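2 protein chains.
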Amino acid sequence: MRKLTVALGERSYPILIGEGVLDSADAIAAAVNTPRVAIVTNDVVAPLYLDRLTATLARAGIAYDSVVLPDGEAHKNWQTLNTIFDALLAGHFDRSTTLVALGGGVVGDMAGFAAATYQRGIPFIQIPTTLLSQVDSSVGGKTAINHPLGKNMIGAFHQPQLVLADTAVLNTLPDRELKAGLAEVIKYGLIRDPAFFDWLESHIDKLLGRDPLALAEAIERSCANKSQIVSEDETERGVRALLNLGHTFGHAIEAGMGFGVWLHGEAVGAGMVMAATLSQRQGWLSMQQYERTVALIARAGLPVLGPRLGAARYLELMAHDKKVEAGRLRLVLLRDIGDAEIFSDVPTADIAAAIDACCESA
Amino acid sequence: MRKLTVALGERSYPILIGEGVLDSADAIAAAVNTPRVAIVTNDVVAPLYLDRLTATLARAGIAYDSVVLPDGEAHKNWQTLNTIFDALLAGHFDRSTTLVALGGGVVGDMAGFAAATYQRGIPFIQIPTTLLSQVDSSVGGKTAINHPLGKNMIGAFHQPQLVLADTAVLNTLPDRELKAGLAEVIKYGLIRDPAFFDWLESHIDKLLGRDPLALAEAIERSCANKSQIVSEDETERGVRALLNLGHTFGHAIEAGMGFGVWLHGEAVGAGMVMAATLSQRQGWLSMQQYERTVALIARAGLPVLGPRLGAARYLELMAHDKKVEAGRLRLVLLRDIGDAEIFSDVPTADIAAAIDACCESA
Chain S
1 MRKLTVALGE RSYPILIGEG VLDSADAIAA AVNTPRVAIV TNDVVAPLYL
51 DRLTATLARA GIAYDSVVLP DGEAHKNWQT LNTIFDALLA GHFDRSTTLV
101 ALGGGVVGDM AGFAAATYQR GIPFIQIPTT LLSQVDSSVG GKTAINHPLG
151 KNMIGAFHQP QLVLADTAVL NTLPDRELKA GLAEVIKYGL IRDPAFFDWL
201 ESHIDKLLGR DPLALAEAIE RSCANKSQIV SEDETERGVR ALLNLGHTFG
251 HAIEAGMGFG VWLHGEAVGA GMVMAATLSQ RQGWLSMQQY ERTVALIARA
301 GLPVLGPRLG AARYLELMAH DKKVEAGRLR LVLLRDIGDA EIFSDVPTAD
351 IAAAIDACCE SA
Chain A
363 MRKLTVALGE RSYPILIGEG VLDSADAIAA AVNTPRVAIV TNDVVAPLYL
413 DRLTATLARA GIAYDSVVLP DGEAHKNWQT LNTIFDALLA GHFDRSTTLV
463 ALGGGVVGDM AGFAAATYQR GIPFIQIPTT LLSQVDSSVG GKTAINHPLG
513 KNMIGAFHQP QLVLADTAVL NTLPDRELKA GLAEVIKYGL IRDPAFFDWL
563 ESHIDKLLGR DPLALAEAIE RSCANKSQIV SEDETERGVR ALLNLGHTFG
613 HAIEAGMGFG VWLHGEAVGA GMVMAATLSQ RQGWLSMQQY ERTVALIARA
663 GLPVLGPRLG AARYLELMAH DKKVEAGRLR LVLLRDIGDA EIFSDVPTAD
713 IAAAIDACCE SA
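Just so you know, the sequences run in chain order S and A. So in my numbering the end of the first sequence lands on 362, straight run, no missing numbers. So in my numbering the end of the second sequence lands on 724, straight run, no missing numbers.
Keep in mind the hints are simulated off the structure, nothing from the lab. Just so you know, not all the hints are guaranteed correct.
Said to hold, decoys possible - In silico EDC-like pairs for lysine to aspartate or glutamate, Cα to Cα no more than 20 Å straight-line:
1) A:LYS513 x A:GLU678
2) A:LYS513 x A:ASP433
3) A:LYS365 x A:ASP388
4) A:LYS568 x A:GLU582
5) A:LYS513 x S:ASP86
6) S:LYS151 x A:ASP448
In this text, all values refer to a predicted model and were calculated from it rather than measured experimentally.
Isolated chain S, as found in the complex (with noise of 0.2 Å):
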């Protein structure tokens, strides 16, 4: 078991990685300190991970009840959102209760949020289900629903008590969905982390291959990359906005498409595609390690090309993303292999053009 803690003052958490560690009973009573939880899961992973939680939960001497919401994003909305307040309050739920999250990004997102504002705040704790939640969501307290006019418009920072990131729950995770948490992992490397790109170049078969050591290792080094950006800027004013390479870019392909139909994942490869096209335009990014860029994600599974929408459609979808500020389309492109920058003056006809050269063809 690996422990890594994210450095957040007095909100300050650990993070457990490795197999088994759902069943850690000590963990979960040391960082419960209510008399109650209240598990917020979905149909999917409750028949899966349900009973073995609250077998750790009844080991601790925790009492518990749990909410399992439907499962996938097309829930993450006020509606769904609003079966939990339900649920907390016809249980007669108190400010003495901790919400546990158990599943995938959405779980966490919405689980999350609940905690951010049921009685204007209660703690949480984090037991992501699959890749992507292990290594983006368990750090960095971002919790959110989507607005039928955008992605994550409603939200809030919350930071959790605890997050457990169990390797072995990995198993029964779609490859698909396996393909798509890499794209966050890759992302680590290429911002900030050229040691752990090499590795993953080396070490993207036995991921593929789900080997539990290499599975923890890419998770720790993920999580320990996010955790020091966070630490750095909380509440994103500044050097967090790093974390958004490929995102603005694959946030339009996942409006574009209708949220759901491209995973999280799969855009953001198809994005950091996108950005790092761009930087190789602009001179910035060496052919080279754009080359190595391109390669990695396509050996990782994932799409390198966007869905044709044209450029117009892009620019109009990005225009819509939270990282616009005041007006102004900021992206994050590289200028090397584990450095990335924030440009804010790129001409928007060479950002079109990047666009359609990274597109599949008509």
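Using the hints, position chain A against chain S.
Here is chain A on its own, set in the frame of chain S:
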């Protein structure tokens, strides 16, 4: 113009109090660090003060747009909140936006919660237009909406950049609402400021006559008291609970009658009499101080008796209150005028008897 600073470290902010502060373009320009603002108001306040606010913004050189909500506590729900999000997204408001709440407590709570959660948090300014919101919502950063199963159940702590409390806008406030605001003013005297209670006894008629200097003094001393409490306990873990004097009883009255039938301040007035009665019967508050308490609440034109819902119904509704911790009802009671304390071991039969003694006859 009086100026008070709420000391919360990097979240500190000023409250400006006095006649005409709504016109101070300089104060607004100093507090707004974004190119655009979105004003949230309601259909009662907009015809009275929206033009004055937009004129002030124009003088400050700040672009604005506005969202007009329907008036009333009945609209403090997700559906109305969503109209704010709809307008912000449709108007392409990004994170470089300041929300300005122009209205009473309902507008402030909803605009504040919208600001706390829109794109995970944007800055906001409070311009409270009722006495209640000037002395209560101005300080503390509490924001919320109601849930069908409970008042203020969904919310966040989010501090404003600036509060403008203009005593002149109180001239258009209905008498009933002015009196309701005085309930919270009296509360500050009761829980921690005996000198302010004395001052209120000698100035209550001037306050009811809307004397601007008396109002400014009452607002400033109320905000100063609340500010000291909130600085000690920003997220309501300890001493801040004293602010709930009369509120647990009062919430039961509001919920039991249907929200909006009794004004919040009216329910708090009757609730403070219940708390004082219980305090006197437990032998903590002297009969003389008890009588002074009831007399001042009565002179302020507030109800001193609650509706006859039956003690059992009161207790049931009180059990739903957020102030319940781990299943125990925590009540703020008085040792003396200016000296309140939290009790969680008062026998239920004694609470019930005090409620029965303080309800209207059948």
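Outcome of the hint check:
1. A:LYS513 x A:GLU678: holds (15 Å)
2. A:LYS513 x A:ASP433: holds (17 Å)
3. A:LYS365 x A:ASP388: holds (14 Å)
4. A:LYS568 x A:GLU582: holds (16 Å)
5. A:LYS513 x S:ASP86: holds (13 Å)
6. S:LYS151 x A:ASP448: holds (13 Å)
Consistency note: the structure conflicts with none of the earlier hints.
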